[in-house]
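Visitor: Let chain U serve as the given structure and place chain E on it in line with the hints.
Line by line, the protein sequences are chains U and E. First residue of the first sequence: 12, per this note's numbering; consecutive thereafter. First residue of the second sequence: 82, per this note's numbering; consecutive thereafter.
If you're looking for bench data, these hints aren't it; they were derived computationally from the structure. All figures in this text were calculated on a predicted structure; none of them were measured in a lab. Honestly, I wouldn't trust all of these hints.
[Unchecked claim] Short, incomplete list of chain U residues facing chain E, as computed with Cβ under 7 angstroms: (1) 161; (2) 164; (3) 167; (4) 171; (5) 181; (6) 183; (7) 186; (8) 189; (9) 292; (10) 314; (11) 379; (12) 380; (13) 412; (14) 413; (15) 431.
[What the hints assert, rightly or not] DEER-style ranges, computed between Cβ atoms: (16) 82/U with 222/E: 35 to 41 angstroms; (17) 361/U with 177/E: 55 to 61 angstroms; (18) 152/E with 283/U: 33 to 39 angstroms; (19) 177/E with 438/U: 40 to 46 angstroms; (20) 252/U with 100/E: 53 to 59 angstroms; (21) 223/E with 200/U: 31 to 37 angstroms; (22) 262/U with 108/E: 50 to 56 angstroms; (23) 240/U with 117/E: 47 to 53 angstroms.
Glycine included, every Cβ here is placed at the ideal spot set by N, Cα and C.
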Amino acid sequence: MRLISSIGKWLDERLQIGATIRETAEHEVPRKTASWFYVFGSAAFAVFIMQIVTGILLALIYVPSAGQAWSSLQTLNHDVALGWYIRALHGWGSDFMVALVLIHMIQVFLFGAYKYPRELTWIVGVFLLLVTLGMAFTGQVLRFDQDAYWGLGIGASIASRVPLIGPLIVNLLLGGPIIAGATLSRFFALHVFVIPGLLIAFIGVHLLMVIKLGINEWPMPGRLVRKATYIKEYHELTKKDGMPFVPGAIWKDLFFSALILFSLAFFAYHFGPFGPSGPPDPTIIQTVPRPDFFFLWLYAILSYLPASMETPALLIGPVVGILALLLLPFLSGEGEKSWRRRPLAVLTVLLAVVALGTFTHLAQHTPWSPVMDAWSGIPIPNQFLKNRTALERQGALVFQVKQCHNCHSLGNEGGKRGPALDSVALRLTQDQLIRQVIQGGGNMPAYGKNLSPAETTALVAFLESLHPAGQPPARDASRTIALGAETGGAASSSP
Amino acid sequence: MTLPTGISRRALLMKLGILFNSIVAVILAVPVVRYLLSPISRGRKDGYDAWVPLGNLDKFPSGETRLATYRNPVVNSWDGDTADIACWVRNVDGASYQVFAINCAHLGCPVRWFPQSNLFMCPCHGGAYYQDGARASGPPERGLFEYHYKIDGGKLFIRASEMPTPGQASNIVRGIQPCA
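Next comes chain E alone, as it looks inside the complex:
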């Protein structure tokens, strides 16, 4: 049977069937896409960035730079050791501190501190930084990433949650920088 418009009944029904399936596909795509984007949207929740303790101040003698570790505030029970993050704490003069991310500002490899030459060196592509985190040489375009810190009850706290990379997700999503 052909309708006055020239479209057969069966062809019309088939088109309707495709239309119904398209609608269902869109309806189903919304939760799928939101599920896939959860690593981004989860960042909007409060408590993503948190003040984490690095330990008592007496662990960080004046004028020295020491390795400290902390458990990342955003963590799952199956993360194992990967949620233990290291950072470098520099006690500048007994009163002010600098806390550097372990990740080289070039491509994220772990920098090592050499107290004899007062340099941070990266084992990957040879980036080097001075004791205050400023770029000394090599491929990095900037100095080391620095955490915000505070002192509370004789303990050193830093604001952490996110692996620092040359571009920071938090800058975009929340306008807060855990690392400068």
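If we strip away everything but chain U, and leave its shape as in the complex, we get:
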């Protein structure tokens, strides 16, 4: 014991940081901020340290070469002892870190912690969110598989839409004319050197300000922030009702970080590493590229935006969003902190969470994508074939062979791109069905050139049989009159 303390003394005599560390550890924080709500930032930091360690471990094996990256990941997964587990930790660590940063941000927003004098802490935090997302995206690229390859293609296609210089940005992004070795090398440099450097620098500034300005006090409804008096009030609060950060507050951070790291270890063990999916060979086109979890919402938005709005929304949307986050502390730098008296803030968070959550959920089911093998892999359910005429069954065959099933579902099976056809006969008359099949429209291709008259007749006969028992199909009332038939009803189904 004596030896340790004398070594410590010897070191501190030379380093001269003992006093600073003690001062930092023992600085008073408001008693109420030692709360379980204030643990997310430190947990994100703990996961970041984990990411650095596992990242370095992966770099011992990983080869950042377009020709070999994928097979080096296979080696990591299968040949290196526990290589799969280190990959799983790094992959899940990425998801954990993004999630914790988002939760931390929501907490800071709802507790008004971005207000005076912590505006810059918030702004640096916004940059921390951006670089964290940057790490997640570039990391996904380093998992150089099919998803990474086509994900890069999507990134390039978005970048190419920038007016005038878009195509040049694409070449800079890819490091050449196509996605190839140079692309992976530059994403490796970004993921391993550039962005982590920024991340560490931003974290340093962020933490320095947290220590210098003090942890945000627990927001009390009615206690307003005023620039003239805030600092004095805060110091009075910490003096009157404060306690040293260590150990008063930090034990909760330690408990929560341990819980998070344990969950991470468990997730990695239980769910395993992310991919890699198929090799990054662009001649293998039997692939359905999907982005990682935290970019799924973007994937959904890209398929729902009308074509005319897509480019402006893609290019202007992120700028507006980031600007709004950066300007927030300037627009409401004073006043009420408590979320109990800031209904708009609560609604904003709810709206963002519900919107992003809904888009993410949709992107996990991709109702907008054709099911590429539905026509050959998903049979028409029996109830749509029972008691049908030969012509109608012939039409069912046309329905399969012409890939209608890829976009239209029957009995909830098949594509969701177009409307479900379980009861289409209730909505469209025979003439409308023929017109829709032949001319398309409303986001459906025209099949006029690809169907013989006999095929069209059979297909429409099948479609007309798609209505619930007891509900007659739609019919054109004027048609019976025009054709001079006395009895209605029969006309709509006569060929």
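Guide: Frame of chain U, contents of chain E only:
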């Protein structure tokens, strides 16, 4: 010592030192920036676009659309499979051809050909195209990208080098379009 201008000698020397460093920084920045911009400036060299063979014409029967692959003309030895690019070749009537890029005109995912319904479908956001590459439905704003082609000695050649995107780098840098 203070000069008649009121600036001390040391302050002046420090300013000179900053000036020298700024000059060196600018001198060093020029090669750094040119190095970083090499993916753009390299495009000015001849041979960036090249006629690449897709194979003998008998691989592409009349009236059918077949997948073809080629090795990208701009390539490094460590590119691996990524420099092997696929495209769709449509033999229209035995005499004229259409060669479509594999990349969807929306966001670049690989489109698949369905000969039964004569449609190209994209697995990502549901873009669909007719057999002549025209937009049929979905989010794409235009039809499929089409390569220029020529027939030489019984072989089909296309002009290629660059991943087609809604905006084309070659349009700006050289005024040549590898893809229409």
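Visitor: Hints first: check each against the structure and report whether it holds.
Guide: Quick rundown of the hints versus the structure:
no. : hint                                 : in the structure
1   : 161                                  : 5 angstroms, holds
2   : 164                                  : 3 angstroms, holds
3   : 167                                  : 5 angstroms, holds
4   : 171                                  : 4 angstroms, holds
5   : 181                                  : 6 angstroms, holds
6   : 183                                  : 5 angstroms, holds
7   : 186                                  : 5 angstroms, holds
8   : 189                                  : 5 angstroms, holds
9   : 292                                  : 4 angstroms, holds
10  : 314                                  : 4 angstroms, holds
11  : 379                                  : 5 angstroms, holds
12  : 380                                  : 5 angstroms, holds
13  : 412                                  : 5 angstroms, holds
14  : 413                                  : 4 angstroms, holds
15  : 431                                  : 15 angstroms, violated
16  : 82/U with 222/E: 35 to 41 angstroms  : 38 angstroms, holds
17  : 361/U with 177/E: 55 to 61 angstroms : 58 angstroms, holds
18  : 152/E with 283/U: 33 to 39 angstroms : 35 angstroms, holds
19  : 177/E with 438/U: 40 to 46 angstroms : 42 angstroms, holds
20  : 252/U with 100/E: 53 to 59 angstroms : 54 angstroms, holds
21  : 223/E with 200/U: 31 to 37 angstroms : 34 angstroms, holds
22  : 262/U with 108/E: 50 to 56 angstroms : 55 angstroms, holds
23  : 240/U with 117/E: 47 to 53 angstroms : 50 angstroms, holds
Checked against the numbered hints given earlier, the structure breaks only hint 15 and satisfies all the rest.
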